[in-house]
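Start from the sequences, fold in the hints, and give me the full structure.
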Amino acid sequence: MDQGSRDAAVSGHSLSEAPVRRWSRAALLRRAGAGGLAVSLGGALLARRSGPAVSSPSVDARVLQFALIVERLQAAFYAEANKNGKLRGEVAEFSRVVGANEREHVAFVTKALRGSAAAAPRFSFGDATTSEKQFVRSAVELEDLGLAAYNGQATNLSPAALAAAAKIVSVEARHAAWIRDLAGKPPAPLAVDKPLDEAQVRAALKRTGYIKP
Amino acid sequence: MTLTDPLPDLRWVDIDVDGALAETEAAAAPWTRADFLRGGLGALLGSLAVPALAGAASKPDRGDVAILNYALTLEELQAAFYTETEQANALKGETKVQARVVGGHERAHVKAFRDVLGSKAGKQPSFDFRGVTENEDDFRRTAVAFEDLAVAAYKAQAPAIRSKAYLAAAIGIHSVEARHAGWIRRLAGRSPVNTAFDEPISATRVRAIVAKTNFVTSSPKTGTKKGSPRFTG
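Taken in sequence, the protein lines are chains A and B.
Each step along the first sequence adds one to the number in the numbering used here, with nothing skipped, and position 28 is 28.
To convert a position in the second sequence, counted from 1, into the numbering used here, add 1000.
Calculated from the structure, these hints are not laboratory results.
Some hints here could point you the wrong way.
A few chain A residues facing chain B, derived, Cβ under 7 Å [claimed, not checked]:
1) SER56
2) ASN101
3) GLU104
4) ALA163
5) VAL171
6) ALA177
7) TRP178
The calculated SDA-like cross-link candidates involving lysine to any residue, where the alpha carbons are at most 25 Å apart (straight line), are [what the hints assert, rightly or not]:
8) LYS194(A) <-> ARG1114(B)
9) LYS1164(B) <-> GLN65(A)
10) LYS86(A) <-> THR155(A)
11) LYS1096(B) <-> LYS206(A)
12) LYS1111(B) <-> THR155(A)
13) LYS1111(B) <-> GLU1084(B)
Every residue, glycine too, gets a C-beta built ideally from N, C-alpha and C.
So, in structure tokens, the structure goes:
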């Protein structure tokens, strides 16, 4: 899509119409499936970005595999919490809404990997999905971690993959603010969110004990 | 609570606010200004923001300067809004805390962009918020619109930023704007999250939305075509 039609696509419709956004995502997925995320999504951007870039489709794929672990963990966590039915009020609402978002993220990243998605790990959440107090604590940790994991990969991604990841990371940030507010913690503790690199995220994931070896 | 809220639009008078959560609006946040200054601002100084921006090896190229100036203007708009709100002193409870905390963030963003742009920074526009800083309902509606808009605006520009240092900083600010958006939406009785994927909004569209508010009464000198971001996402 050239710059002109990109602008037209953004400005030519009412931004308050949800079906348009669904169309956008469907188109994104179609193109990702057809041509690979990096190539299809932002050919125009890639062509114009002449700065030093070490990003590549293989780097994008590696980052996507990493993102998929985080998204699957989050999706499984909320699915189990919803199934257990121990949450009440707005915490239950949070888990339902966010769980649905994470399932969409898993589907999106899986599709972007075009059949090369690694096998899903097995998870064990203990009382984090049965005790509301533990759930809230774990949800804060997982949402802050997911956000920091995406932010930490931003400079590794091709512009096209970054554009796709940016659509997810701000949703993770909204989740983080929501659950932090419910937990009585500052929803936005810093003026700039601190990124975590892959090793830091993997270490944090290991510390949770949620991923079975 | 509806999950199909309209996307941000600063014509806030047209926004239909779902009041389902309004009755259960949270009491004042349990953390205090002292906590914020200790944990928030203190941590900011040691965080990515200013070092990443100030420590960039080379001066920003022309494309990045345009994007940074665009971001600066959006941040100035937000910072002025929250600062005026604090001065008007019409908020209470957690909304008051939100305005203070978020205002601090937006002012820190302004300073970071001004520092890195130096003499290339655009002149600060003048603003007239037309009374929306003077009562809680108008404040919340406007803040929701501003924060959702900022998220979409950063998202559109990020892939076009050439410098890795500026990109890292912009991405770290982008997610903070999304935290702000989630927070104020909850306080406004709206779902903190609209959909599983937040869409970008181009600079052209953002400018049109901002222009409709009539909040900006004088434009910065760099608001020419030459000074516009080349990528409008």
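We went through each hint and held it up to the structure:
For the restraint placing SER56(A) at the interface with chain B, the shortest Cβ-Cβ distance is roughly 15 Å, beyond the 7 Å limit, so the hint is violated. Because the smallest distance between the Cβ of ASN101(A) and any Cβ of chain B comes to about 4 Å, under 7 Å, the interface hint for this residue holds. Below 7 Å, beta-carbon pairs count as interface contacts, and GLU104(A) has one with chain B at about 4 Å; its hint therefore holds. Taking 7 Å as the C-beta contact cut-off toward chain B, the hint placing ALA163(A) at the interface holds, the least distance being around 5 Å.
Interface restraint check for VAL171(A): the shortest CB-CB distance to chain B comes to about 6 Å, inside 7 Å, so the restraint holds. Taking 7 Å as the C-beta cut-off, the interface hint given for ALA177(A) holds, the closest approach to chain B being about 3 Å. Because the beta carbon of TRP178(A) sits about 4 Å from the nearest beta carbon in chain B, less than 7 Å, this interface hint is met. This hinted pair checks out: LYS194(A) and ARG1114(B) have alpha carbons roughly 21 Å apart, not beyond 25 Å.
Restraint check: the Cα-Cα separation between LYS1164(B) and GLN65(A) comes to about 22 Å, which is no more than 25 Å; the hinted pair holds. Pair hint LYS86(A) plus THR155(A) does not hold up; C-alpha atoms about 40 Å apart against a cutoff of 25 Å. At most 25 Å may separate the alpha-carbon atoms for a hinted pair to count; LYS1096(B) and LYS206(A) exceed this at roughly 39 Å. Under the criterion of a C-alpha separation no larger than 25 Å, the hint pairing LYS1111(B) with THR155(A) is consistent with the structure, at around 23 Å.
Among the hinted pairs, LYS1111(B) with GLU1084(B) is consistent with the structure: their alpha-carbon atoms are about 17 Å apart, no more than 25 Å.
The structure fails to meet hints 1, 10, 11 from the earlier list, while all remaining hints are met.
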